[in-house]
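Trainee: Residue numbers (this note's numbering), protein chains in the order written: chain S, 1 to 69; chain E, 70 to 138; chain Y, 139 to 321; chain B, 322 to 504; chain G, 505 to 854; chain H, 855 to 1204; chain R, 1205 to 1454; chain X, 1455 to 1704.
Bear in mind the hints are in silico, worked out from the structure with no lab data behind them. Since this is a predicted model, take the numbers as computed values, not measurements. Heads up, a few of these hints could be off.
[Stated by the list, open to error] Pair by pair, the computed Cβ-Cβ distance ranges are:
no.: 1; chain 1: R; residue 1: Asn1434; chain 2: S; residue 2: Asp30; range: 25 to 35 Å
no.: 2; chain 1: Y; residue 1: Glu217; chain 2: R; residue 2: His1262; range: 36 to 46 Å
no.: 3; chain 1: B; residue 1: Gly409; chain 2: G; residue 2: Pro695; range: 54 to 64 Å
no.: 4; chain 1: R; residue 1: Pro1438; chain 2: S; residue 2: Asp30; range: 35 to 45 Å
no.: 5; chain 1: S; residue 1: Asn33; chain 2: Y; residue 2: Met222; range: 19 to 29 Å
no.: 6; chain 1: R; residue 1: Arg1422; chain 2: Y; residue 2: Thr293; range: 15 to 25 Å
no.: 7; chain 1: Y; residue 1: Glu217; chain 2: S; residue 2: Asp30; range: 42 to 52 Å
no.: 8; chain 1: R; residue 1: Arg1422; chain 2: S; residue 2: Asp48; range: 38 to 48 Å
no.: 9; chain 1: R; residue 1: Leu1342; chain 2: Y; residue 2: Met222; range: 16 to 26 Å
Each residue gets a CB set at the ideal place from its N, CA and C atoms; glycine is no exception.
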Amino acid sequence: MAHITIDADRCKGCYFCIKFCPKQLIVVSDKHNRVGYFPAQFSEGGDDLCTACKTCALMCPDTAIEVFK
Amino acid sequence: MAHITIDADRCKGCYFCIKFCPKQLIVVSDKHNRVGYFPAQFSEGGDDLCTACKTCALMCPDTAIEVFK
Amino acid sequence: MYYDVIMTGFGGQGIQTISLIVALASMEKNLEVTYLPSYGVEKRGGRTNVFVVVSDEEIGSPIINNPSALLALDIIGLEFYQNMLGKGSVLIANTSLIPEDKIKTKEGVNVLTVKINEEAIAMGNPKLANMITLGCFVEGLPFLDFNDLKGVIGTVIPARLKQTIPDNLKAIERGIEIAKGLK
Amino acid sequence: MYYDVIMTGFGGQGIQTISLIVALASMEKNLEVTYLPSYGVEKRGGRTNVFVVVSDEEIGSPIINNPSALLALDIIGLEFYQNMLGKGSVLIANTSLIPEDKIKTKEGVNVLTVKINEEAIAMGNPKLANMITLGCFVEGLPFLDFNDLKGVIGTVIPARLKQTIPDNLKAIERGIEIAKGLK
Amino acid sequence: MTDKKLTKGNVALAEGAIQAGCRYYFGYPITPQNDIPEYLARELPKHGGTFIPAESEIASINMVLGAGASGERAMTSSSGPGISLMQEGFSYIAGSEIPGLVVNIMRCGPGLGGISPTQGDYMQAVHGGGHGDYRNIVLAPASVQEMFDLTIRGFELADKYRMLSVILADAMVGQFQEPCRLTPDHPIVLPEKPWALKGRNGQKPKLLKSLYLGPGEQEGHNLDLQKKYDEVRANEVLCEEKLLDDAELMIVAFGTPSRIAKTAIRMAREQGLKIGLLRPITLFPFPEKQLYRHSERIKKILVVEMNTGQMLYDVKIAAHKDAKISFYGRPGGGIPFPDEVLAEIKKALE
Amino acid sequence: MTDKKLTKGNVALAEGAIQAGCRYYFGYPITPQNDIPEYLARELPKHGGTFIPAESEIASINMVLGAGASGERAMTSSSGPGISLMQEGFSYIAGSEIPGLVVNIMRCGPGLGGISPTQGDYMQAVHGGGHGDYRNIVLAPASVQEMFDLTIRGFELADKYRMLSVILADAMVGQFQEPCRLTPDHPIVLPEKPWALKGRNGQKPKLLKSLYLGPGEQEGHNLDLQKKYDEVRANEVLCEEKLLDDAELMIVAFGTPSRIAKTAIRMAREQGLKIGLLRPITLFPFPEKQLYRHSERIKKILVVEMNTGQMLYDVKIAAHKDAKISFYGRPGGGIPFPDEVLAEIKKALE
Amino acid sequence: MNRVFSRSECLTDTPTHFCPGCTHGIAHRLVAEALDELGITDRTIGIPGVGCCVFLYHYLTIDVLEAPHGRAPAVATGMKRAQPDKIIFNYQGDGDMAAIGTSEIIHAANRGENITVIFINNTVYGMTGGQMAPTTLLGQQTTTSPYGRNFQTEGYPIRMAELLATLEGVAYSARVSLHKPKNVVQAKKAIVKAFEMQINQMGFSMVELLSTCNTNWRVSPVEALDKIENEMIPYFPLGVFKERTGKDFL
Amino acid sequence: MNRVFSRSECLTDTPTHFCPGCTHGIAHRLVAEALDELGITDRTIGIPGVGCCVFLYHYLTIDVLEAPHGRAPAVATGMKRAQPDKIIFNYQGDGDMAAIGTSEIIHAANRGENITVIFINNTVYGMTGGQMAPTTLLGQQTTTSPYGRNFQTEGYPIRMAELLATLEGVAYSARVSLHKPKNVVQAKKAIVKAFEMQINQMGFSMVELLSTCNTNWRVSPVEALDKIENEMIPYFPLGVFKERTGKDFL
Ligand SMILES: Cc1ncc(C[n+]2csc(CCOP(=O)(O)OP(=O)(O)O)c2C)c(N)n1
Ligand SMILES: Cc1ncc(C[n+]2csc(CCOP(=O)(O)OP(=O)(O)O)c2C)c(N)n1
Ligand code: SF4
Ligand code: SF4
Ligand code: SF4
Ligand code: SF4
Ligand code: SF4
Ligand code: SF4
Ligand SMILES: [Mg+2]
Ligand SMILES: [Mg+2]
């Protein structure tokens, strides 16, 4: 029972988090943010599967991710 | 039967030739040259002993020495 | 004749393409042209701003602070440039990405608000947004018309995308149509 | 009162020492002094040239082109500077190392030719040549005499050579004697 | 239809270099001039030329020195900080009388500075940023066409006088695009260079140097250089004189401000104000005579620069002593827009 | 007896630096200023100071930047070519407003040049050899005592205005010896430097930079710098005015030529010619007002320099418009002897 | 629930100007975390080179000094000598350090200056548009090597970590990478190690980080990570090339 | 009798400005002999650094180009690229090459520029009065290290021959000495070898010659030779550190 939050306006859509989340809990949002990027977003119901392993946050170049447990 | 000539006004009196002549055929002159150095000079009668080995010329930084054979 | 326009948006919105079309089409009519795209840090920031000046006599400054027209494809560009607009100038604002309430221009500015992205998607290709904007711009423009644009579009669109030209032209026409409707 | 002198020779002839003595002795008399030894490439070439100016008012140029006196300890120095000498100036030439016939000065120049090296050897120490020269120079000099030199020589000669001071003073006196004889 | 091509200023300059017969480029990147090396990296090899991405500006200018001493047309390009680093090289090139061309697409100073259009490097280029009494030929293009034409001229003058030519342009002139003719307006001839170092090859060895140690030699060398610079002053001045015949006020400006001034002048004349423009195209040699002649009649002068007043010095020295000289400057990337200049014109006329 | 010590100019300068509280020297050798690093290498350690024989002049000026940003009094010294290499650093130091002191004991240019006394680097020091609109405080000693006193003043002004002070002296002033008082003529106080970078230490982080990117920021920074420079102009001018009250001709000269001029003036006055001297001690700020005031009355001005006429520019701009300005210069190590200057005086009086 | 990962204290919340997926962002975070964990943030002064890292001061809440391009090691020398008790670090790109700054880095290292250098090797001059650097790979196309780097005319890519390791003054020289989670963890360790060397006055410490410049490599951020794995690491091997143990140096 | 040793054709008869016993004089002679023996004197251009070697043109009858202090390798690069058929050599001192010119020598070597560099290591800046150089020995007293070079503040002497040998572009890097007849013979061989590398287009070649500066070392010329044997060679080992065989490079 853990989850992450992604600051959509900080996110630049590099998708490192998506590539490296061992549980594939992160997806691309379908609406772009203020700057024009399509941010990553934590999947619905990811809370059940997220292990708070922090891999996503570790790889995020823009510290857009916070992890909660 | 060989000998060397030393251009007294080129010679700056470093005495490398004297140090390295295997036959000790070179000595310091007692009068200084135009610039004020006491040049090296080939000893009297060195001709008999000089082997024209060129060691003196090889070490002379001022190409003041010519070797004859 | 003297006309200057600022086109602004973020990278990928195709502003370089349409501004180049305007510049080249004007050249073909033997008008003087200056074309100044953003460079350096600004570029790195992902912004694209282009200044185009067209005139029938020698052009002075290629950079301008009170344009005849502003084409704002996103909110950041709008907020940066809209206060430069003076009486009689034109603003074309892409309200797909610009909240109406952000548009604050002096009176006397002719504002065209168009949901350009939606229009493009309606035409089946979001990438056509820039051409629709171009259409809105050229409609009623004193020195260029559809055919002028048509004449140079081939030299601007890269070879590998040649097949997209017909759709692009349709998009321009759609833009003209929209603009007509709004006037 | 204004007096300027050039002293020239090759390294090892002790010119720095005697020029410094003149400068310091003049200072002790609260005269203005400038002291300019050669530097850089010139030095690397093994030459020593020193310009000393002494005056009772503010000194302008520390470098000079028509000295009151030239002390030439070798031929190279003589040939470089002798043509700078004007009427009423003094040349002291070390004829141990300068062929008489090389001395070509305008008339009106007081030339003292001294076989200084021989004189020094005669005193038992070739190194005393510079002090003999100094003696020749100070004889009849308007602003310095033997006692002035004596007063500062201790501060110029390095501690480890203190014991040489008496001989040096004798050499100065010998120089004065020679100069007297020549006048 | 037109035979001109919509071209970026920096690209026109680079193509001009190739057309001038320059086959050697050495450079280190810096905004806002990177289009120049990037274009030449692509194009020079096609002409059998050499492009070296040098490790620094210091290496670049010294490679130019080496290639120039070989008798080849060689160049480098940079901006503010990089040009500052080249000043020792500038001085050596001047001292050893080796031709070469350096482009400075100016960026803001002092220090790292921004990259918006500015003209803060006038003094450095014109009055010697390096040590000693020397000069560079300094050319100031104000259009894309001039970026092309003056680059060719720069190489020709460099060879003619065996000195460095500097193309001094603000970022606007480097970055904007205009229709441009990309062929020289005259045939290009590469001059003989008997002084070039190519190995003694049975002849007397040759030498290029700046150090003179014999008594008076260094001074003599300096005086010879000054003679050469006087020749340049006498023969090579270029400037644009526009609407000066009836003018009551003369604007003096180079580069982008001169273009802005033209817009302002148009606005002023619409309001009945008689304003003209003197645009120096060569900054060294500076159009002193022209400026003096006009200032004998036109007593009001407005100098407009994108700096705090650098060319202003030369204007003050060249102008008639009774001229009333005012200045409008925007340093650090500020751009003097036409309406501002018009306001200054009116101030100056009061 | 005298309390003064026969001292070489360069040594007086180095001792002045120590007395001023300078504890950091970074430098790379070059004739004719090597006495400075050699003296400081011996003496600084005795005062707990740091001497680094840097790998180059570029490293040296940047070490000065780093130590200066720490709030310490730091310096380097060099000559022509080395100073040219520092011009980027000069510009950064000006832009980031970091105090520091640089000594230029000039050697001949352009290029490698000889090492005889000369003044070819005036323009570089006074009008900015680096890029952008910036200034250095430039002090021109003409005696060994001034080498000592002006070095102290240089550090004080550098701290007061957070800019670079340059000691600009010819080789004569650096190499000759005079009796000199080697104690400051006023107490030395090291000012607080709240801006210095010492780690945030619980406070708001501090920053020293020269790059401003926000719209108008770089321009604003430039205008602020200009305000500062105007303050310097208003408050810090130093010059010597000698025998000007009755003078019919005013010689303007700095450094060694000013000394030679004094001899020439003595000779002239012996012949009944009324000549005076204005000697700028600060080259920036230049004594404009003083020069103007005197030139209102003294209409004949003779500028004497050991170059081809560099300070001449500032004299022309500062002088009354009706002044008749003539120039006598000896570049490249030539020395204008008193008799030559006297001849020029007579020419100028005709 | 409580927050188990968030921005380290030393980091500001200013969004970076870096391109999407630029690993400069990761490097910045690692430096910030290292400073906080070592408890030296308060007494650290950062000196970024000129490059995409030039805005360091926007992102780290430490004192920052701007240095001319390539001169950061000289600037750091002046500062460290003036404030030996402070922690001074450079953050330089490969253009800044391996090209224009070659002389300054080699002599700072050779003097054994007690400073730490974070070196971002992304094989190009990123900030200016991706021109060829001394670190550019053979055959790599850049805007100034449009036909690919050719060893016959431009020579081989320079390996700074190995080169500096040959100098006696160097206490620590290592190469790490930012292209995978486990490498990022290693990178963090190396950065901490480098700062520890300085804290313990062991001399000059340097960490070379293989980093991406997807914008100028003209690939997607994710593809750029693969390029590090497949193209950079084969030529720029990861590892520690010098590690001084004990105070043999002092 | 006939003359069996006299000045090589390439040497002028101008007496040198060198101090008595300065081995620069020997090095000049060896270069001249090498050029004559290889028959390349006519197509060789020499580029001396700034140092006591700056007057090369007074002593060698070849075309000579003056270069700014330390920049000779960059100048040579420009010249060699413009005239690949000519033989271009630098003659640099340790201040010129190992201090101010560090960046230029490393990158010329790294590019594998096909030039030859004669490097005179005499552990000081001779021309300017014997100040400390990066090559100055530990403990050695100079005018700027009056208390002796201290590795804690000035670092260790830099070994250029070894450093350059690590660069791929280098075809030949050797250290020889001028303090004894047999070493002078070896030195001559190394210089010839270096020029042959250039003739055969093998890339960058460098010969470091251990040389005396008795004036600034403040010893007699003969004592200076002993210092090379007893103090320099132990730290600067003689030998060939890189020698490319065959055209593996090209
Ligand atoms: C003296 C000088 N030359 C050139 C530049 C232009 N410039 C700014 S950053 C840079 C290179 C950046 O590349 P790198 O150091 O690798 O950093 P990156 O952006 O790749 O991280 C250059 C050449 C400059 N600012 N100053
Ligand atoms: C830019 C610059 N800095 C400094 C100098 C002064 N300078 C001339 S030669 C030299 C060093 C000479 O030492 P080295 O290269 O070892 O040659 P050596 O005389 O010892 O043979 C220096 C520092 C200069 N001419 N130019
Ligand atoms: S890693 Fe960060 S920036 Fe990249 S997509 Fe995920 S949240 Fe966005
Ligand atoms: S913390 Fe781990 S599991 Fe949770 S989203 Fe991030 S990477 Fe996936
Ligand atoms: S080696 Fe040459 S210079 Fe030295 S003493 Fe012998 S002859 Fe004279
Ligand atoms: S040739 Fe040999 S033997 Fe003859 S003098 Fe010279 S060294 Fe002595
Ligand atoms: S240009 Fe390259 S290095 Fe710079 S921010 Fe973008 S991706 Fe990163
Ligand atoms: S100073 Fe040293 S290197 Fe120079 S000539 Fe004299 S001995 Fe040789
Ligand atoms: Mg990089
Ligand atoms: Mg040396």
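Trainee: All hints are to be evaluated individually against the structure, with a verdict given for each.
Mentor: Going through the hints against the structure:
1. R:Asn1434 - S:Asp30: 25 to 35 Å: For Asn1434 (chain R) and Asp30 (chain S) the Cβ distance comes to about 32 Å; the hint holds.
2. Y:Glu217 - R:His1262: 36 to 46 Å: With a Cβ separation near 21 Å, Glu217 (chain Y) and His1262 (chain R) fall outside 36 to 46 Å, so the hint is violated.
3. B:Gly409 - G:Pro695: 54 to 64 Å: Holds: the Cβ-Cβ distance is about 58 Å, inside 54 to 64 Å.
4. R:Pro1438 - S:Asp30: 35 to 45 Å: Given a distance of about 39 Å, which is inside 35 to 45 Å, the answer is holds.
5. S:Asn33 - Y:Met222: 19 to 29 Å: holds, 26 Å
6. R:Arg1422 - Y:Thr293: 15 to 25 Å: Roughly 24 Å apart at Cβ, these two residues keep to the hinted range, so it holds.
7. Y:Glu217 - S:Asp30: 42 to 52 Å: Check failed, 25 Å falls outside 42 to 52 Å.
8. R:Arg1422 - S:Asp48: 38 to 48 Å: Cβ of Arg1422 (chain R) to Cβ of Asp48 (chain S): about 40 Å, so the range 38 to 48 Å holds.
9. R:Leu1342 - Y:Met222: 16 to 26 Å: violated, 49 Å
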